[in-house]
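Chemist: Use the sequences and the hints to build the structure in full.
Oh and the sequence shown: position 178 is 185 in the working numbering, straight run, nothing missing.
Rather than coming from a laboratory, the hints here were simulated on the basis of the structure.
In this text, a Cβ means the ideal position worked out from N, Cα and C, and glycines have one as well.
Hints are all accurate, no fakes.
Across the chosen pairs, the derived CB separations fall in these ranges: (1) 130 x 16: 42 to 52 Å; (2) 130 x 109: 33 to 43 Å; (3) 87 x 182: 34 to 44 Å; (4) 126 x 51: 34 to 44 Å; (5) 36 x 126: 34 to 44 Å.
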Amino acid sequence: RWIYDALRENIDNPEGRSVFAALNLLLHKQGVKAITTAVLATFSAADFTLRFSVAGQSPGLFKALHVSTWAPLSLVPTAERANLPLGVLEAMVYDEGVIQLRGGDRLVFYTDGVTECPSPQEEEFGEGRLREVLQADPNADIPAARDRLLAALLQHAEGNLTHDDLTFMLIGALDSDETAQRREFSA
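Modeler: Following this line, the structure appears as structure tokens:
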């Protein structure tokens, strides 16, 4: 429960780096021994910016609307040693990235269970294969891209996805007209 209380206390803080620093200290003091990785992303509808920080995992991939390739998201480095899983060291710095989104842009955040998913021959799925799957139909809608990626993971692992957690989140940015229509529809 204490971790949920800490998250609730920081819910309005758009800076992932400071939220992670607070959670890291809390987990370290609690003596949590589990490897705890996370992504924290905050979106500002006012200026269409996405701020993101990571703890112990990849920052994710990004694809602009009129570009067919997916590229790694970049963090602005602030320290030599940064972004370790939460609770590993008492004091840890977490870098942050900021990206301006436009309607049609895509992002994918994923755990290492996706890229480290092994085949029966112990070959990892890898970031290259992840990008290939996403680039096969770069403008597919989000549910179709999700289904394609899950099918590729299942095929690679020959149906055995029990090696680790396997979590990914695909995000599509709506343009302002789509956003307004969805607000009206959901009201």
